[in-house]
Amino acid sequence: MRILYAKEDSSFQVVSISAPEGPVVAVGDLAGLKVGERARLRGRRVVDRRFGPQLKVRTFVPLPPSTRDGIERYLASREVKGIGPVIAKRIVEHFGDKTLEVIDKSPERLFEVPGIGKRKKKQIAESWAGDRDQRESLVFLQAHGLTAGLAQRVWKQYGPNTPRIVRESPYRLAVEVSGIGFRTADELAGEVGIPRDGPERARAGLLFVLGELQDAGHVYSPRTALISKAEQVLGISTAILESAVESLSDEGRLVVEVGDDEPVYLRSLFDAEQHSATRLRRLIRHAVDKKVSDTERAIAGFEQTKKIQLAENQRRAVAMALEAKVMVITGGPGTGKTTIIRAILGVIGDKERVVLAAPTGRAAKRMNEATGQEAKTIHRLLEFDPISRLFRKNASDPIEADVLIVDETSMVDVTLLSYLLDAVPDDARLVFVGDSDQLPSVGPGTVLRDLISSEVIPVVRLNEVFRQAETSLIVANAHRVNRGQFPESREGGDFFFLERDSSEDIIKTLELLVGTRIPRAFGLDPIEDIQVLTPMNRGLLGTQSLNVRLQALLNPIGPVLERGERVYRLGDKVMQIRNNYDLEVWNGDVGRVVGVDGEKKKLSVRFDDRRLEYEANTLDELVPAYACSIHKSQGSEFPAAVIPLHGQHYMLLKRNLIYTAITRAKRLVVIVGTRAALEQAIRSNDVARRWSKLWARLRQGLEPKGGG
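So for the sequence shown, our numbering puts the first residue at 1; every next one is plus one.
Be a bit skeptical, because a hint or two may be false.
Below, simulated DSBU-like cross-link-like pairs (lysine-lysine); rule was C-alpha separation at most 35 Å, straight line [claimed, not checked]: (1) Lys307 - Lys351; (2) Lys351 - Lys325; (3) Lys393 - Lys602.
Computed Cβ-Cβ distance ranges for the label pairs, DEER-style [as the list claims (entries may be wrong)]: (4) Asp427 - Glu703: 18 to 24 Å; (5) Ala676 - Arg172: 46 to 52 Å; (6) Asp215 - Glu565: 23 to 29 Å; (7) Val560 - Gly115: 48 to 54 Å; (8) Ser228 - Asp597: 51 to 57 Å; (9) Phe466 - Met651: 33 to 39 Å; (10) Arg44 - Val560: 23 to 29 Å; (11) Val560 - Val24: 24 to 30 Å; (12) Glu112 - Ile387: 50 to 56 Å.
If you are wondering where the hints come from, they were derived from the structure by calculation, not from laboratory data. We treat Cβ as the ideally placed atom computed from N, Cα and C, and that holds for glycine.
Model the full structure from these sequences, guided by the hints.
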């Protein structure tokens with residue numbers, strides 16, 4: 001075997017193997033395959049368009065070398081510590097075909113070989129035993145259905161204990177081994193004889209179902225719904241599942257509350273929701289320390305200085321921000337939310353410390369540009385410590401603020417809210433700003449809606465669209481869609497619907513718009529200024545397929561770095577898809593590739609005014625961003641948005657999805673697709689309800705407040 005290519009940070013390899021029919025190029029998770037070893041490989045023969053015939057390996061079983069030459073090559077490869085080429089030759093010359101048997105069963109006989117003393121013999125024996133444990137574990141795991149790559153990960157996690165842990169507690173793998181979820185662990189459990197209706201499977205299955213519900217945005221599950229869902233997934237009786245719920249509750253891994261629907265929480269989400277409500281109630285009850293004595297005079301002074309006239313609702317919002325401990329400002333596009341934030345800053349001036357924050361880097365940047373004051377992401381505000389993996393700012397060391405204004409609150413999930421509230425000092429005031437008609441957060445909860453529906457926090461609802469926004473069809477159509485009406489287009493406007501029936505026609509029109517028509521007509525840069533927003537990630541009109549086509553259209557030439565099927569090219573627009581606290585770059589941040597080092601497998605990416613280096617182990621956090629999902633676009637704003645819509649998106653076609661997409665654009669929106677798809681989205685106002693009790697917890701012991 002000869003290694004042709006190996007990824008630094010994974011078990012993926014390309015190797016050349018000597019087979020009876022001649023050399024074979026094998027690709028896959030082959031890091032456990034050693035030079036000089038024989039192996040039995042199982043996989044699928046394919047013809048790669050660039051590299052020709054290959055064997056895509058699913059599993060392999062290492063076999064001991066059977067010839068003297070093979071044994072010598074294997075020992076000389078330095079895979080066994082203490083043996084190099086010279087010692088390998090001596091050992092094989094002395095023991096011949098029995099060499100491996102001697103090392104395995106009678107290592108004391110190695111003293112017969114010149115040059116091997118006590119220390120070297122011990123080193124060889126221990127290395128061989130460890131190698132044997134690994135080989136036997138990998139064979140065991142693959143024999144029970146794991147791929148070679150996953151088997152390697154399990155061995156790396158558990159070492160010689162692998163067979164014991166897999167036989168006794170296979171569901172641990174779903175929690176402790178990257179890449180193994182419940183379903184894989186469940187198959188493995190079946191292979192090693194764990195009863196399908198046993199308590200261990202029931203407990204693991206319940207945690208899996210609750211995790212799935214969390215991924216769908218729920219904070220808890222009603223007990224009956226949880227049991228019903230678990231019955232469908234696991235095929236286990238209600239009695240066994242009920243017993244498993246009680247067992248997990250006794251251990252503290254679940255929290256089961258008394259109530260009409262008997263809510264069942266994962267412990268972490270219960271703590272987050274409970275803590276958020278407790279902190280908010282404490283803030284609300286705390287006395288307000290007003291620094292601005294005459295609110296009306298201060299607002300009038302701001303209007304005179306800035307030569308503007310605030311609407312009555314805007315004046316109410318500013319006054320409330322000066323007088324209420326916690327409040328919410330909510331409204332759609334063009335209703336003056338940003339004007340209110342500027343007014344709050346202007347009226348307070350230097351009398352108090354006002355801190356601005358938002359959930360994403362893009363939203364924080366917009367806040368900064370709109371106000372002229374520094375705004376931070378919530379994560380940066382809380383100062384994440386990469387060593388402890390905790391936030392430095394908390395109840396013991398709160399943020400220094402008299403007033404905290406949080407924009408794009410609809411994007412804040414209950415876990416992040418809990419961390420934020422933990423770091424807000426009791427004497428501070430808190431202003432939540434957002435659009436409750438936007439898509440909810442990617443994480444669990446409906447924070448903004450819960451704050452509003454609790455009725456214990458004062459709310460100012462902004463309904464008036466101001467004159468400067470009235471001429472914009474983008475703003476008008478966002479409100480039309482929100483009312484369930486079809487959007488309007490007109491010649492020379494900033495909103496267009498181009499009707500196309502087939503997916504291929506939609507793609508061709510989209511490429512024409514992004515590549516030539518919009519840049520020429522509006523003077524926009526096709527990469528920097530135009531964003532394709534699509535409902536889904538997969539399919540012809542999903543982000544993955546569209547990014548391949550748009551990269552070929554907009555950035556076809558330049559140095560590249562390949563990562564599996566993904567290609568990064570100098571000049572590419574890319575998006576960070578998970579929070580990286582070490583680099584301080586956040587989920588949804590968009591940048592440009594400004595450096596490619598193919599040999600070292602590194603990328604340099606510019607995010608606004610920062611240049612960050614990505615090495616092989618962090619590349620999976622970056623995806624091309626010529627097209628992104630509408631969900632991922634939350635908190636961002638683009639000069640132009642092009643939105644493909646088709647019946648293939650039917651499961652996702654909801655009013656708040658289209659509303660969110662439209663409100664991302666400042667100068668131009670073009671929807672390309674079928675009229676039926678757009679009509680379906682506008683009709684579908686059955687926003688999926690998320691199970692959350694933050695609103696109810698906030699009501700405990702507090703009187704309802706007025707709103708407007």
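How the hints compare with the structure:
In summary, the hint linking Lys307 to Lys351 is supported, as the alpha carbons are separated by about 22 Å, within the 35 Å threshold. Under the criterion of a C-alpha separation no larger than 35 Å, the hint pairing Lys351 with Lys325 is consistent with the structure, at around 17 Å. For a cut-off of 35 Å, the pair hint linking Lys393 to Lys602 stands: about 33 Å separates their Cα positions. Judged by the Cβ atoms, the range 18 to 24 Å given for Asp427 and Glu703 holds: they are separated by roughly 22 Å.
Range check, Ala676 to Arg172: Cβ separation about 48 Å, and the 46 to 52 Å hint holds. A hinted range of 23 to 29 Å holds for the C-beta pair Asp215 and Glu565, which are about 24 Å apart. A beta carbon spacing of about 50 Å between Val560 and Gly115 agrees with the range 48 to 54 Å that was offered as a hint. The given range of 51 to 57 Å is respected by Ser228 and Asp597, whose C-beta atoms sit roughly 53 Å from each other.
The supplied range of 33 to 39 Å is met by Phe466 and Met651, whose beta-carbon atoms lie about 36 Å from each other. For the hinted restraint 23 to 29 Å between Arg44 and Val560, the CB-CB distance of approximately 27 Å keeps it satisfied. Between Val560 and Val24 the beta carbons are some 27 Å apart, a value that agrees with the proposed interval 24 to 30 Å. Distance hint check for Glu112 and Ile387: the Cβ-Cβ separation is about 52 Å, which falls inside the suggested range of 50 to 56 Å.
Hint violations for this structure: none, all hints satisfied.
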